[in-house]
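Asks: Each chain, letter by letter, is given below.
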Amino acid sequence: MASTAEDALAKCKFDFYDIILCDFNLGHGKNGQQVLEALRSTKRIKHVHLFIMITAETAKDVVLGAREYQPDAYIAKPITRTVLEQRLGHLIKQQKILKPINKEIDLENHSKAITLCHRLIADKTRYQSWCYQTLGKLYLKIGDSDNAIKIYKLVLSGREVPWAHLGMGQALQQSNKLQEAIECYESAIKQNPNMVEAYDGVSQCQLALGQNKKAQESLQKAVNLSPRIVTRQEKLGSVCEQNQDIESAANAFRHAVKFAEHSIHENSKHYLNLGRCLSEWGESIEGNEAKHVADEAINVLETVSNKFSNDEDACLSATLIETRVFQSQDNPEAAQNKLHQAECIIEEENLSIDVGLDFAKTLYSMGQANRAEDLLVGLAKKFENESEIIQKIESLLDEPESLTVRKQAKELNKSGIQQFEQSKLSEAIDAFGKALAFTPKHAALNLNFVQVMIKQYKENKDPDLLKTARTCLDRIKHIPEQHNQFKRMKHLEKKINKLTQLKI
Amino acid sequence: MPSPTEQQPDFSMIIASAVHDMKNSLSMLLHSVDQMCEELPEELKQKTNSTTVKYEAERVNSYLIQLLGLYRLQNQMLSLHIDEYFLNDLLDEQVAHYQPMLTDKNITLTISSDDCLCWYFDREIILGVLNNALNNASRYTKSAIHISTNQEKDYLKIEIHDDGDGYPAQLLSKSPGEIINNINFQTGSTSLGIYFASMVTKLHTQGDRHGSIKLSNGGKFGGGVFTINLP
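Taken in order, these protein sequences are the chains called X and W. Note that this note's numbering gives residue 455 to position 455 of the first sequence, counting from 1, and the numbers run on in steps of one. Note that this note's numbering gives residue 5 to position 5 of the second sequence, counting from 1, and the numbers run on in steps of one.
Rather than coming from a laboratory, the hints here were simulated on the basis of the structure. Note that CB positions come from ideal geometry on N, CA and C, so glycine has one too.
When the alpha-carbon atoms are kept at most 16 Å apart in a straight line, the in silico EDC-like pairs for lysine to aspartate or glutamate are as follows:
#, chain 1, residue 1, chain 2, residue 2
1, X, LYS124, W, ASP114
2, X, LYS455, X, GLU493
3, X, LYS60, W, ASP122
4, X, LYS77, W, ASP21
Which residues of chain W face chain X? A partial, calculated answer using Cβ under 7 Å:
#, residue
5, SER27
6, LEU30
7, SER79
8, ASP89
9, ASP92
10, GLU93
11, CYS116
12, GLU124
Using the sequences and the accompanying hints, generate a full structural model.
Replies: What follows is the structure in structure tokens.
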């Protein structure tokens with residue numbers, strides 16, 4: 001018997017328990033969901049053990065959240081002794097028969113477990129459905145999506161079961177049939193609108209299909225149903241950021257911070273993500289609202305220095321983000337102070353990528369663009385094999401401007417491309433030119449501009465076009481060879497050189 | 001936004017939160033009664049009315065659960081958690097639970113159900129319906145209750161037979177919606193249970209089929225028969 005979550009986790013550290021009964025509401029600190037989450041993530045509970053959640057809570061977010069970590073049973077209060085005895089009896093009876101399979105799953109002998117499942121199905125016990133469900137999951141785990149599909153098809157031929165639709169979706173997604181997978185997930189949702197995992201599946205497929213806006217919507221639905229899962233809030237936040245929907249991103253990170261408290265997910269990165277979002281959001285709005293957002297940002301970032309004072313990188317990032325917040329709030333003195341504070345600790349050659357990016361961003365906002373560019377080029381060299389990091393460096397080099405400006409540039413760039421595709425060259429030049437007024441260093445945008453001008457030059461031989469194209473190329477000559485536009489830049493440079501020589 | 005004091009109080013919400021509180025204290029009460037009974041010496045255990053206390057408290061609890069459920073249903077906050085369950089296990093639990101009271105009343109309870117039969121439904125909700133039906137049957141039966149489960153076509157059919165006088169004619173002829181609007185305070189029967197049962201079984205759907213309940217007379221003992229059909 002343990003009276004607190006900490007006590008329970010400590011006990012589980014040294015012993016495995018066959019059956020754990022746990023209330024959802026454990027007073028201060030971790031709740032039952034977070035206890036189960038901690039046990040699962042540290043592998044201190046195995047498939048051969050039973051975890052039973054007992055709760056008086058019937059609120060949807062609590063129930064769905066707790067179910068996502070799959071307790072073996074979920075018992076609602078009030079519960080009498082006889083009923084508890086009965087339920088435990090049934091669970092133990094079931095566990096006894098399934099133990100050989102669960103044992104193999106715990107040992108990660110997946111193919112052995114699969115064989116045992118097939119054997120138990122042939123025995124025609126009452127656990128048919130459990131076996132099919134487990135088989136599907138096992139096939140998915142070993143990447144045998146064909147056999148998983150077979151199992152789910154068989155089950156669905158008997159009855160419309162949400163878990164089989166979900167599994168079918170996962171199997172199809174695994175074999176990269178994304179559109180079909182989405183349809184299966186949608187059938188699962190239609191059957192059971194609370195099946196949060198199906199929304200996750202839909203959003204993963206949509207991301208893979210490049211439908212980021214839709215993916216955000218799907219994740220939002222999942223989060224609305226079951227807000228307590230920190231990893232999903234994090235995912236939603238980053239998709240929102242990619243979609244430049246900074247307000248929703250901030251909201252997601254706010255929830256991540258809130259629900260990570262006391263859990264295994266408690267981490268400075270949630271606070272920093274929230275701080276970055278709020279700082280950026282504050283820059284894109286004005287007046288009282290901006291001040292409000294900035295205050296929240298400072299608050300969150302101060303929490304980092306208090307709560308994670310041992311994490312030097314986190315504190316450094318927090319200070320750098322604070323610099324930007326003060327700068328955007330027209331408080332250059334405070335900004336300068338913070339920057340100085342950070343610079344005293346920073347060792348440029350040993351920068352971690354997170355601190356590095358924050359440092360570069362802050363330098364831009366303090367008007368030190370050249371220093372920021374040098375820093376980013378250096379980082380690109382250091383992390384040249386990590387595409388995700390390179391992407392972040394690229395977008396910072398391209399568009400160090402504020403969110404509002406970036407959004408406007410994006411629209412103009414889009415319309416420029418459309419005009420170009422319809423061969424309306426002067427309209428395209430006009431649109432790209434306007435976009436460049438917003439984000440002059442944007443590599444792809446500059447090169448789009450150059451490309452249109454080359455085409456226009458071939459028609460009217462106006463030498464000014466080549467000159468303007470040359471200034472565009474000069475403007476982005478700082479981009480490192482790891483940048484995705486580097487080759488295109490070299491290619492267009494050659495073209496311009498050739499045309500200039502021809503002219504002479 | 002108007003301040004809370006300016007808003008009209010939402011009475012159903014007030015009742016719902018009161019019900020929630022009542023449920024919690026009732027749960028504590030039930031627990032204490034349980035504990036008290038445990039500590040009683042054997043000879044006293046037989047004599048006391050502890051079973052009556054327990055089952056009346058539980059009846060109140062199940063009413064409260066139904067009230068809360070109907071409130072959530074009306075506000076579209078009731079969501080089903082459909083999973084697969086073994087009927088036999090579920091009924092075993094109910095029998096174990098009701099056995100002491102039924103023994104007190106000299107009622108025999110029998111079950112016929114295939115050990116392998118499992119079905120998809122919301123456990124807590126269907127248990128609520130079953131509990132209510134059993135409570136009802138134990139009040140009106142003379143000496144026996146029988147529960148049977150069958151798969152009929154694509155439906156799960158649960159029947160609760162008793163050997164009482166059967167349902168009164170006006171209950172059989174009216175729809176559950178009409179019944180709830182004709183509460184008879186004289187007999188003390190509000191038919192809340194029947195209304196709740198019909199609403200929540202309807203929520204269970206499979207394709208375009210949905211669940212239902214049926215009241216009839218006759219059956220195995222010639223008394224009342226309460227039938228639950230789930231797709």
